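So the protein sequences, as listed, match chains A and B. Read in order, the letters of the first sequence correspond to residues 1 to 229 in the numbering used here. Read in order, the letters of the second sequence correspond to residues 1 to 390 in the numbering used here.
Mixed in with the good hints, there may be bad ones.
Okay, the calculated bits of chain A under chain B, using three or more residues with CB under 8 Å as the criterion [said to hold, decoys possible]: (1) 61-75; (2) 96-102; (3) 113-126.
Per label pair, the in silico range of CB-to-CB distance [stated by the list, open to error]: (4) B:K377 with A:R208: 41 to 47 Å; (5) B:V272 with A:L188: 25 to 31 Å; (6) B:V361 with A:H142: 40 to 46 Å; (7) B:L372 with A:D124: 19 to 25 Å; (8) B:R5 with A:D124: 27 to 33 Å; (9) A:K194 with B:Q4: 37 to 43 Å; (10) B:V361 with A:L101: 31 to 37 Å; (11) A:E66 with B:I269: 54 to 60 Å; (12) B:M284 with A:S17: 25 to 31 Å; (13) A:Y4 with B:R5: 35 to 41 Å.
These aren't lab readings, by the way, just hints derived from the structure by calculation. Since the structure is predicted, the reported quantities are computational estimates derived from the model, not experimental observations. Where is the CB? At the ideal position from N, CA and C, for every residue including glycine.
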Amino acid sequence: MDDYPVIVFSDVTKIYSLYSGDVRALNHLSLEIQRGEFIAIMGPSGSGKSTLLNMIGCLDIPTSGEVSIDGNNIRTMNDDQLTELRRDVLGFIFQQFNLILLLNALENVQYPLILKTGQTGCTDRCKEILAAVGLTPDLWDHRPGQLSGGQQQRVAIARALVNDPDILLCDEPTGNLDSKTGTTIMELLTDLCKKQGKTIVMVTHDPRIAEYADRIILIEDGMIQGGDV
Amino acid sequence: MSNQRLFFGLAIRNIQIHWLRSLLATIGIVIGVVAISSMGILGNSLVLSVSDSLTDVGDSVVVTPHVSFHGMGSTGTDKRITDRQLEQIRRSAGNNEVVPVYASGDRVRIGREILAASIYGINPQDIPTLVSLGSGQFLRGASGVMVGAKLADENNLVVGSRLLIGDKETGVRVVGILKERGMGFDISPDNAVFTSDQWYQDFYDKKGYDQVIVKVKDLKDIDQVKDAIKAQLNRREDEVNVFDTKAILETIIETFGRISTFTMAIGGISLVVAGVSIFNVMMMSVMERYREIGILRSIGTKRAEVRSMFIYESLILGTAGSIIGGVMSFLGGYAAIAVMLGETSYLFNPSSLIQIPYGMVFGIATSLLSGLYPAWKASELRPIDALRHE
Chain A
1 MDDYPVIVFS DVTKIYSLYS GDVRALNHLS LEIQRGEFIA IMGPSGSGKS
51 TLLNMIGCLD IPTSGEVSID GNNIRTMNDD QLTELRRDVL GFIFQQFNLI
101 LLLNALENVQ YPLILKTGQT GCTDRCKEIL AAVGLTPDLW DHRPGQLSGG
151 QQQRVAIARA LVNDPDILLC DEPTGNLDSK TGTTIMELLT DLCKKQGKTI
201 VMVTHDPRIA EYADRIILIE DGMIQGGDV
Chain B
1 MSNQRLFFGL AIRNIQIHWL RSLLATIGIV IGVVAISSMG ILGNSLVLSV
51 SDSLTDVGDS VVVTPHVSFH GMGSTGTDKR ITDRQLEQIR RSAGNNEVVP
101 VYASGDRVRI GREILAASIY GINPQDIPTL VSLGSGQFLR GASGVMVGAK
151 LADENNLVVG SRLLIGDKET GVRVVGILKE RGMGFDISPD NAVFTSDQWY
201 QDFYDKKGYD QVIVKVKDLK DIDQVKDAIK AQLNRREDEV NVFDTKAILE
251 TIIETFGRIS TFTMAIGGIS LVVAGVSIFN VMMMSVMERY REIGILRSIG
301 TKRAEVRSMF IYESLILGTA GSIIGGVMSF LGGYAAIAVM LGETSYLFNP
351 SSLIQIPYGM VFGIATSLLS GLYPAWKASE LRPIDALRHE
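Here chain A stands alone, though its shape is the one from the complex:
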């Protein structure tokens, strides 16, 4: 395993211009995350942790400073290149699950794979992954609305994994789940990190969930305030 940092923030500032004035969401923030690390980002609401996660996810571009994801400087990339990075290198797991409501569980997992390969036939890998995240085959043809929260989150994790990304980004992955389901999801994520070497960056409010991480970063007012930096 290479040990160069897979995520590097150097002196990153992000300013949102709002009606009420400029908001400095990230303030000269610098950060390095190594390959295979499991990171929890914590902080109060409006501290900038979501902005940080979005920026790692190439959904947002810094106002100043440099962000490097897997060796790519995202400020120099165009929209299509950023989209490809999200598709191939990053996997997203959201609090709201964010599955595509038009598609059933299996199709949701297939979607990013088809985007990447352009082939529709590859159901085996998707089924394999769905089974690995613990979704029973009888649920594979269910639409998201017919699944429980925990089941939906398993589908979302399978979808995030299907293109074999290096980095998994989790935004309150257990926020909409009961504690028992939350625990199994967290165990699944920990497994992915330990056994498959995925780098996981997770935003959470919940200190018990943050416990699963190797390292906790505390953010306040767009700056790192503490944790194991």
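For chain A, the structure is supplied; the task is to place chain B on it using the hints.
Just chain B now, with coordinates in the frame of chain A:
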């Protein structure tokens, strides 16, 4: 590109979920296509039917005396085509048939009825060139007359009936009745009495012809004949007016063509309305799927791919509407011309049938155009804004 199959599939699913409003938008396109196509079919059939009933008179060059202001000063109609001019016309016309015609109107008495009719005096040999026989026979010698179909029909004339012509009430016998021909630009035989040129000359004591008709065998020569006559007779001053029935016919057909274009434009308005409704549906689809677009973008869907998904959606609506509209315009066009023209064979003419694919292409193009902006709008959404949307 099987990615495109993926987005096509998503578009279909979205239409299925919102089937009612998709159906309504499709109905809009159906109506628009039917309006354009059936108006086009109707207009074209009108042109066809007009040209059908006029074509047989589209092959003549008609020469009449030039009536100038100077000429009007005297008795007005005493300007005629002289034998010398007739000779010149014959020479210019080459091997096409030249028929000099005496023409006037007079009172005709049939039994107790007195009415007005056109009287034509034509050499009996030339009569078959201009008209066809319905019953009886063509004129053979100087005596006897032939009458037009309408005149005969309305006054119960048969072969052998007697007419009294003019103030002197000279009696003539009907030897033949003509086949109905319709209005013409050279002669209008249906309500006319045809006499021999000799009888006409004796009866009216006229010198010179009222008009000369040149029947052109090959329609391509018509302009050439016309120009030759003009060059011969109107070299120094305008002696005659020359017009060809083909030009008049073309003007009429052109006019009908314009009318049909106009009616199609009215149909086009309904297609524009349909386009607005597709636009509306697509914008609603984009708004509703704000969050979904954000998800798609965040997990690696490119802008162009989001665009194609929405364009597919409007294309599917437009194509479905246009196909249904195409079938219905065939039926609608059939009904329209059956009612308005009482004749449906014009529908199967290629120039009528082509209106259906025209209408369909317009329908699909309208849907595509209406879908472009919403699709662009969807693809330009910033993924994080779209993701935050509830």
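Evaluated hints:
1. Judged by the Cβ-Cβ criterion of 8 Å, the stretch 61-75 of chain A is not covered by chain B as claimed, because only 0 of its residues qualify and three are needed.
2. For a cut-off of 8 Å, the count of residues in the stretch 96-102 of chain A with a CB near a CB of chain B stands at 5, and the three-residue condition holds.
3. Coverage of the stretch 113-126 of chain A by chain B holds. Counting CB-CB distances below 8 Å, 6 residues qualify, and the rule asks for three or more.
4. In this structure the supplied range 41 to 47 Å holds for K377 of chain B paired with R208 of chain A, their Cβ-Cβ distance being about 43 Å.
5. At about 55 Å, the beta-carbon gap between V272 of chain B and L188 of chain A misses the expected band of 25 to 31 Å.
6. Restraint check, V361 of chain B to H142 of chain A: a C-beta distance of roughly 42 Å satisfies the suggested window 40 to 46 Å.
7. Our hint of 19 to 25 Å for L372 of chain B and D124 of chain A is violated, since their Cβ atoms are close to 38 Å apart.
8. Hint check: R5 of chain B to D124 of chain A, Cβ distance near 19 Å, so the stated range 27 to 33 Å is violated.
9. K194 of chain A and Q4 of chain B have their C-beta atoms about 39 Å apart, which keeps the hinted 37 to 43 Å range intact.
10. In this structure the hint that V361 of chain B and L101 of chain A lie 31 to 37 Å apart at CB holds, the actual value being about 35 Å.
11. For E66 of chain A paired with I269 of chain B, a C-beta distance near 57 Å keeps the hint of 54 to 60 Å intact.
12. Checked against the hint of 25 to 31 Å, the C-beta distance between M284 of chain B and S17 of chain A comes to roughly 30 Å, which is consistent with it.
13. With their beta carbons about 39 Å apart, Y4 of chain A and R5 of chain B fall inside the hinted range of 35 to 41 Å.
In summary, the structure is inconsistent with hints 1, 5, 7, 8 from the numbered list given earlier, while agreeing with the others.
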